[in-house]
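Trainee: The primary structure of each chain is shown beneath.
There are 2 protein chains.
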Amino acid sequence: MDLNTSTEIAHRGIRLPGGVTLDCGVHLATVEIALSSVGTLNAARDNVVLVCHALTGDQYVAERHPLTGKPGWWARMVGPGLPIDTDRYYVLCMNVLGGCMGSTGPRSPRDAAEAEPWGTDFPPITIRDMVRAQRQVIAELGIARLFAVVGGSMGGMQVLQWAASYPELVFAAVPMATASFHSAQNIAFNEVSRQAIFADPDWSGGRYWAEARTPARGLAVARMMAHITYLSEEALTRKFGRRLRGEQHGTAAPLSLFGEMFEVESYLRHQGSSFVNRFDANAYLTITRAMDYFDIAADHDGDLAAAFAGTRTRFCVISFSSDWLFPTAQSRAVARALNRAAANVSFVEIETDKGHDAFLLDEPALDRTVRGFLAGAAEHAGLA
Amino acid sequence: MDLNTSTEIAHRGIRLPGGVTLDCGVHLATVEIALSSVGTLNAARDNVVLVCHALTGDQYVAERHPLTGKPGWWARMVGPGLPIDTDRYYVLCMNVLGGCMGSTGPRSPRDAAEAEPWGTDFPPITIRDMVRAQRQVIAELGIARLFAVVGGSMGGMQVLQWAASYPELVFAAVPMATASFHSAQNIAFNEVSRQAIFADPDWSGGRYWAEARTPARGLAVARMMAHITYLSEEALTRKFGRRLRGEQHGTAAPLSLFGEMFEVESYLRHQGSSFVNRFDANAYLTITRAMDYFDIAADHDGDLAAAFAGTRTRFCVISFSSDWLFPTAQSRAVARALNRAAANVSFVEIETDKGHDAFLLDEPALDRTVRGFLAGAAEHAGLA
Numbered sequence: 000m001d002l003n004t005s006t007e008i009a010h011r012g013i014r015l016p017g018g019v020t021l022d023c024g025v026h027l028a029t030v031e032i033a034l035s036s037v038g039t040l041n042a043a044r045d046n047v048v049l050v051c052h053a054l055t056g057d058q059y060v061a062e063r064h065p066l067t068g069k070p071g072w073w074a075r076m077v078g079p080g081l082p083i084d085t086d087r088y089y090v091l092c093m094n095v096l097g098g099c100m101g102s103t104g105p106r107s108p109r110d111a112a113e114a115e116p117w118g119t120d121f122p123p124i125t126i127r128d129m130v131r132a133q134r135q136v137i138a139e140l141g142i143a144r145l146f147a148v149v150g151g152s153m154g155g156m157q158v159l160q161w162a163a164s165y166p167e168l169v170f171a172a173v174p175m176a177t178a179s180f181h182s183a184q185n186i187a188f189n190e191v192s193r194q195a196i197f198a199d200p201d202w203s204g205g206r207y208w209a210e211a212r213t214p215a216r217g218l219a220v221a222r223m224m225a226h227i228t229y230l231s232e233e234a235l236t237r238k239f240g241r242r243l244r245g246e247q248h249g250t251a252a253p254l255s256l257f258g259e260m261f262e263v264e265s266y267l268r269h270q271g272s273s274f275v276n277r278f279d280a281n282a283y284l285t286i287t288r289a290m291d292y293f294d295i296a297a298d299h300d301g302d303l304a305a306a307f308a309g310t311r312t313r314f315c316v317i318s319f320s321s322d323w324l325f326p327t328a329q330s331r332a333v334a335r336a337l338n339r340a341a342a343n344v345s346f347v348e349i350e351t352d353k354g355h356d357a358f359l360l361d362e363p364a365l366d367r368t369v370r371g372f373l374a375g376a377a378e379h380a381g382l383a
Numbered sequence: 000m001d002l003n004t005s006t007e008i009a010h011r012g013i014r015l016p017g018g019v020t021l022d023c024g025v026h027l028a029t030v031e032i033a034l035s036s037v038g039t040l041n042a043a044r045d046n047v048v049l050v051c052h053a054l055t056g057d058q059y060v061a062e063r064h065p066l067t068g069k070p071g072w073w074a075r076m077v078g079p080g081l082p083i084d085t086d087r088y089y090v091l092c093m094n095v096l097g098g099c100m101g102s103t104g105p106r107s108p109r110d111a112a113e114a115e116p117w118g119t120d121f122p123p124i125t126i127r128d129m130v131r132a133q134r135q136v137i138a139e140l141g142i143a144r145l146f147a148v149v150g151g152s153m154g155g156m157q158v159l160q161w162a163a164s165y166p167e168l169v170f171a172a173v174p175m176a177t178a179s180f181h182s183a184q185n186i187a188f189n190e191v192s193r194q195a196i197f198a199d200p201d202w203s204g205g206r207y208w209a210e211a212r213t214p215a216r217g218l219a220v221a222r223m224m225a226h227i228t229y230l231s232e233e234a235l236t237r238k239f240g241r242r243l244r245g246e247q248h249g250t251a252a253p254l255s256l257f258g259e260m261f262e263v264e265s266y267l268r269h270q271g272s273s274f275v276n277r278f279d280a281n282a283y284l285t286i287t288r289a290m291d292y293f294d295i296a297a298d299h300d301g302d303l304a305a306a307f308a309g310t311r312t313r314f315c316v317i318s319f320s321s322d323w324l325f326p327t328a329q330s331r332a333v334a335r336a337l338n339r340a341a342a343n344v345s346f347v348e349i350e351t352d353k354g355h356d357a358f359l360l361d362e363p364a365l366d367r368t369v370r371g372f373l374a375g376a377a378e379h380a381g382l383a
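Protein chains in written order, with numbering that gives the first Met the number 0: chain W, 0 to 383; chain Z, 0 to 383.
A portion of the hints provided could be inaccurate.
[To be verified] Only some residues are given here: those of chain W computed to face chain Z with a beta carbon under 10 Å:
#1 Ala219
#2 Met224
#3 His226
#4 Gly240
#5 Phe274
[As the list claims (entries may be wrong)] Now the stretches of chain W that chain Z is said to cover, found in silico as 3 or more residues with beta-carbon under 8 Å:
#6 143-150
#7 178-192
#8 196-205
No wet-lab data here; the hints were simulated from the structure. Beta carbons: idealized from backbone N, C-alpha and C, even for Gly.
Could you put the whole structure together from the sequences, leaning on the hints where they help?
Mentor: See the structure below:
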C-alpha cells in the first residue's frame, strides 16, 4: 500500500492503477483511496466487513483520529468483542472519493505534474462513483467478496449502492438511518449549507487554498445547521432545554443581546468551530452534492425493486423512530422494495429519542441487532 | 397620527408619549409604533380585532406592501366578507417594537438629537415588551378593550402574552401555530440564523448602515434555512420533489457541480434574495432573540395555568398537523393549561400537509374555524 501524502497527515491508502471513470463522464486518471483496517484478514479472505462512513466521517472508524485525537467515530461498534467484532471480522473503512482525509478529492493535486489542487474544478461525484472506487480497492486488495457492508446515513446510501451495483460481491448488507433517495427537504438543507459556504468571502470562489485562507465561518454555519437535523427535538430538549449558560441561569432579563445565552447555542457554536479544523469546504460541497443526486430507483425507471432484482444478499434495514432526516418511512420503503424483489430482508425500527445520530450513539438495541444479524449471516456464509 | 419617516418609506404610526420601559430595565424614551387599519371603528369602539404578525411579517396585513408591491400577508384572511370580516370588525395591525417597518427598532435613530441608528446597541426586546407597546398604542387610540387578538407563530406568542398580561382587555384570543415557549430546537435554528448574519463581513459588527452596506448574503442564508422550517417535508416533496430545473430535467449526470440543479434549490435562493430587500439584519437578530426568550410559564414559576388564572377571555387555539416548528403537542399543552385555568377554550388541530406556513395559506378549515369562532364570540360580546 502507498502512503498517501496529499494532505498534511500521512494516511494509509491505495492507488487505483486504472483511475476511475465517473458517472459524469470524466475519467480521473489519478485516484488514491485512503483506508484503515482493524482485525485480521483470514486465509480465505472471506471475513471482510466494509464500513461506509457518513457525510463528515472518514476512515478512522475504530482508531484514534490523527487530526482530532479523538477515538474512532464508531469505536463503540467496531472492535474486539463489539457488535462488529474485530476478533472475527476484518473491518475495512475507506475515505470516500471526493473526501478530504487522504482520498482523491477537491483538495488533491490535479495531476502528478501540477501541484495546484482541483478545488471547484473537481468533477461532480455520485454515491455510485464512491462505491465504484471502493470496489476497485477491494480488487486491488485481492478480496473476491465482502462478507458484509455496513453504514449509516450517507454510509447507508453506499451500502444500498453496493448491493445494487455489485450484488454478487455482497453477502450481507446493513443500511441504517438512510434512504434510497435524498428527499426534497434534505436537498434543501444541503443547499443552505452550500449557500453558507458560498457566502463566506474567504471561500474565494473555491480558491481559498491559493490564498491560504479557509471559509471557516461559512463552513461552521453549515455544520451548525446540519447538526440540528442530526438530533431530535426530544434530544435537544433533554440535553439543553431552555437552560441559560453559567451564572445567567434563572435570570429573567437577558444580559446581552448577541452574546451566548442558551446552552444549546453554546453547544452549536462549538460544533461549528471544531468542525472547520478537520474538514475541507470544497469536499463538503462535493459530498453534499453526491447525496443530493442519490436516487437508486431513478437508475431503474423509478422501480426500486428492480434495482435489487434477483439479489441473494441478506439485508438488515435499520431505522430510528426519532430520526426526522431519514425517517422510518424511507427505510420501510427500502424494505418493501426488497420484499418485492424477493430478497432476504429483515427490518428493524429502533425506538429512541436520539434522532438521526442514534446510529453513532449508545443504543443497546442497535448493538443487539447488528451483532445478531452478522452472527446469523456468518453462519449462513459458513464463516468459521 | 404621526407619519413615521424613520425609513425610506412613510409609514402611518403612533408616537408613545411616555416611551416604554423594557423587561431588560432600559427605558426607551422615544418610541413610535407603525400600524395599519382596515374597516371602521364603531361608535362603541368595541369591534377591534388586533392582528399580530410573525417574525418577518409587518403591519401590512391586508393592504398592498409599499416595498414589495405584493398584497398584504393575510389578505386572504382579512377583508370584506373574509373570516376576519372588515365589514364588521376594525382590524388593527402594528409593526412590532424592534421591527424595521416603521416601528422603533435597531434601525431607528437613537434619539431626536442624534441621527445615528441604534444598531446593535438597541436593547434586547421581549414578546412582553412588544405587547406592552401595543397596549399603549391601544390606549392612545382611545380603545378600552379589544374584541379579539389573533395571530400565528410569533404572532400567536403575542396573542398569548396579551391574554396573560392584560386579560381584562382581551375578549377573545386566537393563537395559532404557536407555543407558550420557544423550544430548544427552535432556539437552535434561530441561533444558526444569527450566526449566518454574524458570519457575513458586510454585517460589520452590526454597523453596516454606517458604511451603506447590507449583510445580504448572511441574511439570505438565514432566511433560506428558516424557510425550510416553515414548510413540511410533504409540502416540499409535493411542490418540488427531486425535479431538476429546466432542460436538465431527467438527465442522469449533473452538468455543473455548484450551479442550480434542483427546483427546490432555486426556490430557496429566491426566498433568500427577495427577503434581504425588505428586512433589516439587526431587526432580525433582535426579533429572533425575543422569540427565544419567550416562556410565559417561566413568569409564573413554571405553571402555565397560573398565567391565565381567572381569565374570562375566550380562546380558540389552532394548530396544524404537519407543523414541525410549532407542533400540535405545544398547542395542546396551551389548551390544557387553559383548561386547568378553567378558561373558555376550544382547540382545533387542522389536518394539512402545508407545515407551519399553513396559517398563511389556503386552508378552508382554518377559514371556517376563525370565522365561526369570531362570530360566536361576537354574539357573546353583544357586538351588533
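Trainee: Each hint: holds or not?
Mentor: Structure-based check of all given hints:
| no. | hint | in the structure |
| --- | --- | --- |
| 1 | Ala219 | holds, 7 Å |
| 2 | Met224 | holds, 5 Å |
| 3 | His226 | holds, 8 Å |
| 4 | Gly240 | holds, 6 Å |
| 5 | Phe274 | violated, 13 Å |
| 6 | 143-150 | violated (count 0) |
| 7 | 178-192 | holds (count 10) |
| 8 | 196-205 | holds (count 5) |
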